[in-house]
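Produce the entire structure from the sequences given, and follow the hints as far as they go.
Going down the list, the protein sequences come from chains A and B.
Just so we're aligned, residue 21 is where the first sequence starts under our numbering, counting upward by one.
Just so we're aligned, residue -5 is where the second sequence starts under our numbering, counting upward by one.
Careful: at least some of the hints might be erroneous.
Okay, the calculated bits of chain B under chain A, using three or more residues with CB under 8 angstroms as the criterion [as the list claims (entries may be wrong)]:
id, stretch
1, 30 to 37
2, 46 to 59
3, 104 to 110
Part of the chain A face toward chain B, derived, beta carbon under 7 angstroms [what the hints assert, rightly or not]:
id, residue
4, Ile29
5, Val79
6, Val116
Everything labelled a hint here was simulated from the structure, so no lab data went into it.
Idealized CB from N, CA, C, for every residue including glycine.
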Amino acid sequence: MCAMKTPWIPVLLCLLVSGCFVSRSTRNPALAQQAIADLPRGTDAQQVLDVLGAPSQVVQLGLRSAWLYEHVNHKRAGFTAIVVTLLNEDLRSDRVWLFFDEQGKLAHAGGSFDADGAKWAMPWQDLDGN
Amino acid sequence: MGTERGLLSRACGLLLAALLASGCLSLRWRRSTTDRPPESERLAALVPGVSDLDACLHELGAPNEVWELPGGGTALAWAWSKSRSLGASVSIPLAEHANASFDYDRADATREAYVAFFDRSLVLRELRRGRLADLRAATSPSLPEPLLEPDAEQ
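Below, the structure written as C-alpha cells:
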C-alpha cells in the first residue's frame, strides 16, 4: 500500500508547487532618511534640490508649495492549485513632504517610513500581527 | 485495505476531474492592501483650532496627498485601502464556434482617508474621515468656467 501511495506524493507536490510565486516591485529609490533629517528649516528650495534631487510630485498651494519624495515597495504572493488561485498584494511606502513658504524656504517637513513593512502573505494571513 | 483503495481511487478521480476542469473553471481569492490607517491614539491628540501643521505631521507622519482648498487653505490626506475579492469563472464550449462563459466577482475596494483641513495660517480646522475621492472632489477648487465661445454670427 505504501509503495502504491509514494509515487503520487511527488506528483501532487509538483502540481501544487508549480503555480506558486512571489514578486517584489519598487518605485523610486529608497529615501535618504538622514539627509532629510539634516535639512534645517529655512533651507532654500534650490539647496533641497541639490541634496535630494527632483521630487516625485510638486503641489502648488497659492504662493507656497509642497514637494513629495516617495519610495514604494509592492510585494505580491500567489498560489495556483489546479482551479484555485490565491493572490495577496501588499503595498507600503516611504514618504516625505516638504512644505515651502512664499519665499521658497523650507517651513515644515513630515516623513513616514513604512516601505520595509510590506509583506508576502496569503489572503487569510494577518499582515499586521494583531 | 479495500476501503483505503476505494479512498485512493476516489481521490484520484477527484484530482483527474479537477485537472480536466482547470481549462474552463477557475476560482479566485484575492486580497490587496495599500498603506495602513493612522492609529486612533495619534488622531485623538489632534485638536481643531489648536493643532497646527507641524503637530499633524508629527503625529500622523507624511500624508499621501496634499491639495489646495478654495480660500487659500490646505488639505492633507492620510489614505489606505484594503480590498478582498472572491471570484469564479466558468467557460464552456457549446458548439464549434460558440463559447458560453460566466464570471462572478465580489469586491469591496475603497480608498478611505482621514483628511485634515487647515486654514491659511495652517491651523487645523477639521478632521474628517471618508472616501478619499469623495472628500477630495467636494473640497478641491472648482475649475474655472470655460470661456464663452464667441458668437459665430458676430
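These are the hints, each one checked on the structure:
no. : hint       : in the structure
1   : 30 to 37   : violated (count 1)
2   : 46 to 59   : holds (count 10)
3   : 104 to 110 : violated (count 0)
4   : Ile29      : violated, 12 angstroms
5   : Val79      : holds, 5 angstroms
6   : Val116     : holds, 6 angstroms
Taken one by one, the earlier hints fail for this structure at numbers 1, 3 and 4, listed in ascending order.
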